[in-house]
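Protein sequence lines correspond, in order, to chains A and B. The numbering used here numbers the first residue of the first sequence as 15 and each following residue consecutively. The numbering used here numbers the first residue of the second sequence as 4 and each following residue consecutively.
Honestly, the hints are just simulated from the structure, not real lab data. There may be inaccurate statements among the hints.
Per the computed footprint, the stretches of chain B lying under chain A, defined by three or more beta-carbons under 8 Å from a beta-carbon of chain A, are [to be verified]:
#, stretch
1, 18-26
2, 32-43
3, 46-59
4, 63-69
Computed list of chain A residues with no C-beta within reach of chain B, every gap over 12 Å [claimed, not checked]:
#, residue
5, P101
6, A301
7, V406
8, G434
9, G439
10, D452
11, D471
Here are a few chain B residues that sit away from chain A, every Cβ distance over 12 Å (derived from the structure) [to be verified]:
#, residue
12, S12
13, E13
14, A14
15, L15
All figures in this text were calculated on a predicted structure; none of them were measured in a lab. Cβ atoms here follow ideal geometry from the backbone N, Cα and C, with glycine treated the same way.
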Amino acid sequence: MEPIDQPIEALAPTLRAGNLSSVELTEAALERIRTRDEALKSFVAVNENAIAAARSVDRELRSGLWRGPLHGVPIGVKDNYFTADMPTTAGSRAPGVGFPLVDSAAASRLRAAGAIFIGKTRTHEFAWGPICPPTRNPWDLSRIPGGSSGGSGAAVAGGLCVAALGTDTGGSIRIPASLCGLVGLKPTFGRVSRAGIVPHSWSLDHAGPMTRTVADCAAMMSVLAGYDSEDPACRHEPVPDYARALDQSIVGLTIGVCRNHFFGRNQAAVESAVETALADLSAAGAAIVEFQLPNLDYGLGAIYAIELASSAAYHDRALQTGRTAHYANDVRTLVEIGRFVTAADYVKAEQVRHILMTDLARAFESVDVIIGPTLPLTAWSPDVESVEIGAVAESPLAASWRLSYLYNLTGLPAMSLPCGFDSDGLPIGLHIAGKPYDEMTVFRVAHAYERDRPWRDARATLAPRLN
Amino acid sequence: MDSAPDLPSEALLRELIGIGPEGDRLRENLAAYRVILEEIRKLRTLEVSDIHPAIVFDPTLSYRGR
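Chain A extracted, bound-state conformation (with noise of 0.2 Å):
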């Protein structure tokens, strides 16, 4: 395997003794996006410091100063974080929409770290949606990566770069990293500073890293976690040291199974994964609880009246001088119907949030996570309008978010890993949730699942499929 596809707890060692420099491997991702990007366009702006950067820290790495596993390796940013070096455009053209060119507080701290930015990843506009056109997916071009964070997907698992950085207000980290056959990590709300972020959902949105492997996104969630005096969300939380929780067991350990809900509606291969799963974690030494959830038939309109009533009171002043008539149509119609979201339904939105948080605390009271499938389905075609799920005719952008938004209502830690593949060699993610601010127990849940799986260091080539 290449340098430039392996994890970063391959590289950092390698990086660290210099046997590798990170101008060798920051060239090996410039090149990649050369030859691959045509094809997956996961990149709108390529970082021309990035090779300076990487002479940098080539310096302070053969002085003996080490920064941690991050550094000198190259990091993908969604095009959402402000970046000092790189102009933001949250996915947009329209005219009057610009962005500071300072460093958002993940970017700074990433940067602190000794990451490289290698380029700003694509994102449907203002992360609007689940998709991301026009990127396409290294497992099998004719098909989308995901969204909103599309373009970080793609990018990481089409091997050119070694983890990125996504947000997530329904969804938009797990669902490209479950189709894309990598991990991606919603933290809990909070954990990680939204400052500096372009806004879609105050209250829902959530930072977090999308990376190869368990221990790769611990490496960069003890980067990015912390307090914030600029994010009003972030709480004083100690952050514990996230490696501490890979190769713990998982004797002993509960694993919850929500069944209603989250099983019977998804593509037989997804279902089956996902019980796979769930018996090599019984066999690994969890007891696994099954219950119901009740309330979950209006988490959707809550999550709906949320999201829609945010993103038209963040775009007002657009809509009100006629500028979001230079928005994608798409976005431009959400943008515009949350209008007709009343104050009363927003209100009530709030108060079904708080019912759903408050089942999901009594079911925590017995379990330690909850596990299911990110998303019903995998990577369909852009131009597929309707998908069958469970023998039910349906649209693949209205299923792609109907198992991941609950965690955004509720602000839980909640992480999607590779659960496998179907029969298309397509990816299937495996859903783990937990209790708030205890994104330990994921890490330890997810990586004692993925140690010992056979796809571990699959890797998407998309070589047959580019001549």
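Chain A is fixed; fit chain B onto it per the hints.
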């Protein structure tokens, strides 16, 4: 003789929602919202007057970091 109540005019609807998409676009938006309204209608059936909204006002927020 009873007469049917007047439906709100397009102009009144535009006034209520505070933006002014015209004719076809307003109708397209209303059509797009129909599927979402089905979900929001479920919220409206709930009696939740004893439930505090999830978002809690915090008067100390602006004093953080000072």
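Going through the hints against the structure:
1. 18-26: Result for this restraint: holds, n = 4.
2. 32-43: holds (count 8)
3. 46-59: Our answer is that it holds, as 9 residues pass the Cβ test (under 8 Å) against chain A, meeting three.
4. 63-69: Answer holds; 3 residues pass the 8 Å Cβ test.
5. P101: Given that every Cβ of chain B is farther than 12 Å from that of P101 (chain A), nearest at about 28 Å, it holds.
6. A301: holds, 31 Å
7. V406: Label holds. Min Cβ-Cβ 15 Å, cutoff 12 Å.
8. G434: holds, 32 Å
9. G439: holds, 33 Å
10. D452: Since the minimum Cβ distance to chain B is about 19 Å, D452 (chain A) lies beyond 12 Å and the statement holds.
11. D471: holds, 42 Å
12. S12: holds, 17 Å
13. E13: With a cut-off of 12 Å, E13 (chain B) remains clear of chain A, as the shortest Cβ separation is near 14 Å.
14. A14: holds, 15 Å
15. L15: holds, 14 Å
In this structure, every one of the numbered hints holds.
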